[in-house]
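> For the record, in the sequence shown the residue sitting at position 268 is 272 according to this note's numbering, with numbers rising by one throughout.
Among these hints, one or two may not hold up.
DEER-style ranges, computed between Cβ atoms [unchecked claim]:
#1 V57 / L134: 42 to 50 Å
#2 A276 / I74: 17 to 25 Å
#3 G363 / M65: 14 to 22 Å
Since the hints were derived computationally from the structure, they do not count as laboratory data. The structure presented is a predicted model; accordingly, all values stated were derived computationally and were not measured. In this text, a Cβ means the ideal position worked out from N, Cα and C, and glycines have one as well.
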Amino acid sequence: MNALAPILQALCGLCSFVVLAWCVSEQPSAVRWRAVGLALMAQAGLALATMHVGIVRSAFMVLSRGIGQIKLATQAGTSFVFGYVGGADLPFSPVAGANTFVFALQALPTVMVVSALAMLGFHLRILPTLVRGSSWILSRTLNIGGALGVCAAAKVFLGQTEAPLLIRPYIGKLTRSELFTVMTLGMATTSASVMVIYATILQGTLADPISHILTASIISVPAAVAISRLMVPQTGPDTEGDVISPYNFTGAMEAVANGATDGMKLFLNIIAMLIVMLALVFLSNAVLAVLPWQWVGLGDTTMSLQQILGWVMAPVAWLMGVPWAEAQVAGKLLGVKLALNEVMAFIELSRVADAQLSGTTRLIMLYALCGFANFASIG
5 MNALAPILQA LCGLCSFVVL AWCVSEQPSA VRWRAVGLAL MAQAGLALAT
55 MHVGIVRSAF MVLSRGIGQI KLATQAGTSF VFGYVGGADL PFSPVAGANT
105 FVFALQALPT VMVVSALAML GFHLRILPTL VRGSSWILSR TLNIGGALGV
155 CAAAKVFLGQ TEAPLLIRPY IGKLTRSELF TVMTLGMATT SASVMVIYAT
205 ILQGTLADPI SHILTASIIS VPAAVAISRL MVPQTGPDTE GDVISPYNFT
255 GAMEAVANGA TDGMKLFLNI IAMLIVMLAL VFLSNAVLAV LPWQWVGLGD
305 TTMSLQQILG WVMAPVAWLM GVPWAEAQVA GKLLGVKLAL NEVMAFIELS
355 RVADAQLSGT TRLIMLYALC GFANFASIG
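Sequences are here, hints too, so could you generate the full structure?
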């Protein structure tokens with residue numbers, strides 16, 4: 005019975021999320037349950053394939069090594085430009101236990117390299133071909149239109165703003181349900197440009213984090229389609245469409261230069277948001293620390309934003325399969341991700357002591373945190 009308990013808990017969570025989405029649906033009676041069931045089965049099939057099908061696991065290992073090479077290539081550039089603070093050999097012996105890793109100069113520059121490679125992939129027609137092939141599979145597997153299939157396939161590689169550009173001529177023709185699905189896909193998945201950052205943060209916390217991050221982004225596509233079709237059911241005909249490249253470069257170097265410039269904007273944006281968010285958390289905790297909590301019966305408790313978020317999100321963490329003894333710590337991570345962003349949540353996860361979260365819970369949290377769903381993304 006003990007072995008069945010986690011499975012029953014996970015099934016309870018899955019059913020709860022489906023029922024909750026149906027309860028807040030615009031038209032509960034119009035939900036196409038067959039389409040929802042197909043999407044959920046596709047997610048389960050993809051998850052099983054990545055874990056148990058040899059050729060799929062091998063493909064993920066190749067992708068993982070490729071991303072590792074991008075990380076090393078970026079370090080070659082940062083070492084030359086920034087010297088030892090960018091990853092080059094230290095000109096001195098560090099103090100025992102000292103951390104010489106500079107996040108802004110050794111991890112974040114990866115987004116510029118990946119962005120440049122993505123634009124080069126567009127120019128060489130590699131990325132559009134991958135998206136077109138993936139969209140063909142998704143359209144038939146998930147029973148969605150061609151335009152939505154293109155956007156869903158592109159979201160595995162691209163960000164929230166870039167993926168819809170591939171179907172820009174069809175945006176005005178999308179139904180309300182399809183438009184909601186596009187937004188849900190943007191929130192539920194991540195992009196190639198930040199995957200390496202997540203993996204760098206979690207290095208040492210989990211084994212081979214990049215493979216799990218890739219899997220999380222891929223299996224979130226059918227999950228997003230299922231939930232969005234529950235909340236805003238498709239009542240009209242599906243919108244057909246094909247990949248429309250939003251970029252027209254005259255040469256490979258122009259593509260690389262444009263990609264590097266776009267990546268630099270994202271690089272600076274991440275730095276600015278991290279500084280501001282960390283400052284806001286500090287200020288919030290400073291305010292909470294001086295409030296008279298004894299007036300509400302909490303004695304001399306020192307309250308923090310993370311602690312409050314942990315209480316609120318603990319039931320959600322339990323529904324995801326986290327043991328109740330670890331649910332508050334996991335709930336805190338979910339709250340940080342929702343209120344701030346996933347980078348902050350991954351940083352918090354990397355700092356959690358081994359005694360507080362088991363390896364299984366850490367893995368569940370990686371999958372739960374891997375996406376752009378937070379309040380800041382609404383804008």
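> Honestly, do A276 and I74 meet the 17 to 25 Å range at C-beta?
24 Å, holds
> V57 and L134, beta-carbon distance inside 42 to 50 Å?
20 Å, violated
> At the C-beta level, are G363 and M65 separated by a distance inside 14 to 22 Å?
About 20 Å separates the Cβ atoms of G363 and M65, which means 14 to 22 Å holds.
Figure legend: structure checked against the earlier numbered hints; the only hint not met is number 1.
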